[in-house]
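**Q** Go by the hints and put chain F onto chain D.
Residue numbers (this note's numbering), protein chains in the order written: chain D, 1 to 295; chain F, 1 to 295.
Don't take each hint at face value.
When chains are identical, the list treats them as one kind, so a pair holds in a single copy or across two.
What the hints assert, rightly or not - With a Cα cut of at most 25 Å, we get these calculated PhoX-like pairs of lysine-lysine:
#1 K213 x K181
#2 K257 x K218
#3 K181 x K193
#4 K195 x K25
#5 K213 x K257
Worth flagging that the hints you see were computed from the coordinates, not collected in a lab.
Number of protein chains: 2
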Amino acid sequence: MSYLLISGTDISNQIYGEIRERIAKLKEKGIIPGLAVVMVGDDPASQVYVKSKERKCKELGIRSETIYISDNITEEQLLAKIKYLNSDPMIHGYLIQLPLPDHMDTDRIINAIDPKKDVDCFHPENVGRMLVGDHIFYPATPGGVRQMLLRSGIDTEGKHIVVVGRSNIVGKPMAALMIQKGMDATVTVVHSKSKDVSEFTRQADILVVAVGKPNFIKADMIKEGAVIIDVGTNRIEDPTSPKGTRLVGDVDFEDVKDKVSAISPVPGGVGPMTICTLMDNVVRAAELSIESGSK
Amino acid sequence: MSYLLISGTDISNQIYGEIRERIAKLKEKGIIPGLAVVMVGDDPASQVYVKSKERKCKELGIRSETIYISDNITEEQLLAKIKYLNSDPMIHGYLIQLPLPDHMDTDRIINAIDPKKDVDCFHPENVGRMLVGDHIFYPATPGGVRQMLLRSGIDTEGKHIVVVGRSNIVGKPMAALMIQKGMDATVTVVHSKSKDVSEFTRQADILVVAVGKPNFIKADMIKEGAVIIDVGTNRIEDPTSPKGTRLVGDVDFEDVKDKVSAISPVPGGVGPMTICTLMDNVVRAAELSIESGSK
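The shape of chain D in the complex, shown without the other chains (with noise of 0.2 Å):
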C-alpha cells in the first residue's frame, strides 16, 4: 500500500508563505509584528529552542527580542518583567521559555501574561476560548497538527480520531481543537491510566499519538488506512549514525508504513509545524492590534 508522507517541512514553508504577505502588508500600515521571548536561566535545550525561534523571526522580518535573565531573580522581579511587557507596544507578543526556575510558580507566572500577548496560548483564558470555540491563538503543536490534517486534504468530520496522551500541552488541547465544529471529529483522549491503549488507538481513523515513547506504536495497534500524526520526537542511540544518537517519533513508522493511508514523518512532521504555529499568532497578534487600536 502506498502512503501520504505528510510534511510538515513542507507545510510549514506554504504557511510561511501566507505570513509574509500578512507581514508586507502589516508594514505598509507601518507595523512590523514584535515577538519577545523570556529565557531565565540557561537550560542548554531551551537555548536551542529560542535561537531556532530568534532565526526565524529573522527570516521573515519580524522583530524579535530575546531578555537572557539569570536564575536568581524573584517570583516578584519576573512579573514586573512581565507587566512591562504587557505594556510595550512594540512587542505584539511574547513568551516565558518553560521550563522556569524550581523556585517559580509557573501557573502564576503564566496566568500574569495579557492573553491578547501571549502567543504560546498557554494562559488559562486562552485554553479555555479554545475549548469553547472562541479562540485567539491556537498552542503550537496542535495547532500545528490541525494545519497539517487540513492541508493535506484529510477529511475529519465525524472520523474517529484518538490522542494519545493528555499532556497540556498536546493531548487535552489536541482533543479540544478536534471536537470543535469546522472539524467535528468523534475524539476520544487515552492515556497512562487506559486500560488497554490498544483497543482504542485500533479504532481510529486518524491517529494522533504524544508519549514520549520510542517507536510505541507498532503495526499491531493500528487500523489497516489510518492517518497517522507522530507528535514523538526521542532521541535514541544509534551506533550507525556519526552523532551516535538519533531522533525517532513515538510511532514505528517501520513497521507501520505499509498499512497507513498518511503518516507525518519524524524528523520533518509535527516539529518544523510548532514553531510555524507560533509565527502565526506572533503575526495574528500584530493585526489584532490594529482592530483593538481603532476601536
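**A** Chain F alone, transformed into the frame defined by chain D:
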C-alpha cells in the same frame, strides 16, 4: 438485573449538609457568603431558575441578591453593572442568567466577570483552568455529575466514559473533567456529526448523555452493566398526567433499566445537582476571599 439508582436528590442533600458546616465556619469569621444573580429581561424559564436559586440560598443561609434589569439596557450599562459587582465585597460570586437579549454580545459580557466571582464557571479563564487541571470552580452540570460518580462509589480510573453531546455547558467541560488526573477515565466525545453514535455508546462503561432528545438512548445502544448518567430534561406530552406533560430524560429509562448497573433518573438525577454545584461554588468563592484577603 438489579441496578443502583443514582439519586441526585439524596447526593445533593448530603453535599448541602457539608455546605452548611462550611457556612457556619465562615460565619464564625464574620463572613456571610453572598450570591448575586443578574437577570436581564423577563424570560419565563429563567425566572423559574432564578427563584429556585433564591430559595436554596435562603435555606442555606447564603445572602442572595437578584438584580432584575429591563431588556432595554445597553451592553455598556450592563458592563458597568458587572464592574460594580466585581468590586462589591458583599458579593462573593455572581452570575448573569442566560440567555441574554439578542442585542448583547454574550461572550463580551461573560469575559467581563471577575474569574474569582464567576460561580457559573463560564469565564474562559475558568474553563481553561479546568482543562489544565488547576480549577477554581466546577461548572454546574459537569461538576454535579462528577459528584454523583464519586459519591456513588463508581470508579472511573481506566474506565471508558462516553459523553454524548459537545455543548459548552455540558459535553465539552464534562469530557475535560473526566480526563484529569484523579478521575483518569478514557474519554470519548460523540456528537451530531459522529457517524455512528451507537458504535461508541455501546463501548461505554459510563455513559453521560446530554443531547436534548427525549428517550434517545435505548437498550440496544448500551453495554450490559453500564453506568448511565442522564443529563437530559425534556418536557413531553402525557395525557395521563394532570398537567398534560411530564419530564423525561435523553435515556429511555424503562427500556434500559434491566441492562444497567447504575442509572440516574429524570427528574431527581442530575437536575438537583446543578444548583448544588452552584451553591458549593458560592461558598468556595467566600472561602477564597479570606485566603486572598490575608495575602
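**Q** One pair to classify: K257 and K218, alpha carbons no more than 25 Å apart. Within, between, both, or neither?
**A** Intra 10 Å, inter 40 Å, cutoff 25 Å: intra-copy only.
**Q** Under a CA distance limit of 25 Å, which applies to K213 and K181: within one copy, between copies, both, or neither?
**A** Answer is between; shortest inter-copy Cα gap is 20 Å, intra-copy 31 Å.
**Q** Since the copies are identical, ignore which copy is meant and state whether K213 and K257 lie within 25 Å (CA to CA) inside a copy, between copies, both or neither.
**A** within (18 Å within a copy, 43 Å between copies)
**Q** Checking an output row: K181 and K193, CA cutoff 25 Å. Within, between, both or neither?
**A** Cα proximity of K181 and K193: across copies only (9 Å, versus 29 Å in one copy).
**Q** Should K195 paired with K25 be assigned to within, between, both, or neither, using CA atoms and 25 Å as the limit?
**A** neither (52 Å within a copy, 42 Å between copies)
Checked against the numbered hints above, the structure violates only hint 4.
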